[in-house]
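Going down the list, the protein sequences come from chains A and B.
Per our numbering, residue 1 is the first one in the first sequence, and the count goes up by one each step.
Per our numbering, residue 273 is the first one in the second sequence, and the count goes up by one each step.
The set of hints was computed from the structure by calculation and includes no laboratory data.
By construction, the Cβ of each residue, glycine as well, lies at the ideal position given by its N, Cα and C atoms.
Watch out, some of these pointers could steer you wrong.
Unchecked claim - Just so you have them, the derived chain A footprint on chain B, three or more residues with Cβ under 8 Å:
#1 280–288
#2 369–383
#3 499–513
For reference, the chains in residue letters:
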Amino acid sequence: MIRVELVKLVRNRRTWTTIAVIDALPVLVAVLLAVTDIGPRPGTGPAFLSAVLADGTLFPLAALGIVLPLFLPLAVAITAGEAIAGEAQQGTLRYLLIRPVGRTRLLVAKLVSIMAFVVLAVLVVAATAYLLGALLLGNESVSATGPASVSGSAMSTPELVGRTLLALGYAMLCMLGVAAVGLFLSTIARSPLGAALGTMALLVASTLLLTLDAADVLRAYLPTRYWLAFVDLFRDPILWRDVLRGVLLQLAYVVVFLGAAWANFMTKDVTD
Amino acid sequence: MRRWSVVVAGTLLLVAAIAGVHRLPAAESDVGAAELLRQVRGAEDHSWSGYIETEGALQLPDTDGFSDVGALFGERTTMRAWWHDGQHWRVAQLLLAGETDLIHRGDTTLRWDYERFDATLSRDPAIRLPRTADLVPPVLAARLLRGVDVDDVERIPAKRTAGVSAPGLRLVPPSDLSSIDHADVWLDPGSGVPLRVEVHADGADSPAFTSQFREFSSARPSTDEVSFEPPPGVEVGFDDVLDIADAANQYASVRPPDRVAGLERAASSDQAVGVYGRGMTEMIAIPIRDREADPLREQLAQTAGVDRSAERTAVSVGPLGVVLTGAAGEGGWLLAGTLTREALDRAADDVLADSVFLGDR
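Make a model of the complete structure from these sequences and hints.
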């Protein structure tokens, strides 16, 4: 079942179109930075972007900072929204369930497929950004001692690669939380668009509430609260506090919303 | 239905677990106020490290030269700090996409700004504006405790801070001139290091300023943690003048009086800028030029509750009072501190009456 879903994902032209659209923004930013040599003012713009003119090896992280707040979750919300509601809308869900496959397995296969999409998207963005960073952007601070951490200490290249991989893994986990919410809404909504919009509404509300002091009591529960904590992996020493909290919060979202998706889908009266 | 019950029960359990961690009750301590005062004073040279959050409700005017101060007292700031002693420490202000570190060694401070990719060294001036390192709980508490006697303290209930039950101590200003109603300090029962400090203005329900550890260790940090080597490609610059207060103190050709509103000038402020009083009753008087005074005057004029006359603009923000003398187009004296409005007005009168102009330098 999982294999079938993965093959379907990889063969679907829309998968690659969506990834290309996500990738287009960091590519455009890299080209503009390389052509104009004008970076964002210090303290403005996405994480690490002001540093990439001096050090192109940081561009995969800057690209992550560019796509993580909106593009990537939007794509995940659309893909997750499609999972069940899309099949129902096309009238194929009934036929899927006729096969000797349990609903739980179908749900798991759908989640694995969404996660495969996330992994593909993040890896493509990171790989493209690495190439563009190396070819187009600066390499002033790349020396025998390597680039600098956010705290100003030198990082060796293996250290930078290790931390970058951790950051990519963390971003993927954050998107797993989004996927779980989208999958749950996909078991409820009649249309995939409704499920995707519902997921995005939750994320936009979370981002907005984070800026509001009056919503302080909710901060610890908001899904986007720790998304940008991957920056803490580049401090010296690494600040694990928010990263660990982010991991636990995302796992909590995954458990709760996958559980809800499972409870709803198992008892759902499928007619489409 | 049974499946939904499992999901709902699991969700409630998770929410309760997250909420419960934040609401663990604090174990009360029977240590008296005098003993706590002795402990907190004895811990002033103690080493420590930790993760700190400050939260200010003081909406100060945002003008060039003072914007960092406004952010420090009016917003939430998160920091990591490693403290050997008063001479060797590092305080890192954590920003969403960067970090600004202050690394102190002897009588110099190095400032690392990741977003500007810039390292700057400066000597410690006699007078300067507040910075992040002044607001970490042990340093803030030490400042508030100056001049406080055993008669000015009382016990308050313990509070769970940084994972420990911290006994609390209330400090009441010994002087009637202070605009602070009280300051509360909770300290680590093991080391006596202050873990949380709240400053309350007269008549306010919530604190005007809070500084607290979220994570704390009383172990001595390693030498590496309080050190800094500039990264490859970065040349360390040198700042002759740290901020507007330092500049005025070095170059303004005026001397403020030795005593204003009944408060003595601090021995360390023997040039153009005067610092008066101490602890919870402290005020600074800075002579500023028209080019800095005018925008500040305009900003003050737009602040809620401003009291403006032809020759004076005054604002009270929580316990912090600000008075700027002079009319539009003129320089003036900027007085700021935790003094009552009447005391600040008296201080402004005294500064204007008794300052000595040294002539052009």
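Do the hints match the structure? See the list:
no.: 1; hint: 280–288; verdict: holds (count 4)
no.: 2; hint: 369–383; verdict: holds (count 4)
no.: 3; hint: 499–513; verdict: holds (count 7)
Every hint, counting from the list given before, is met by this structure.
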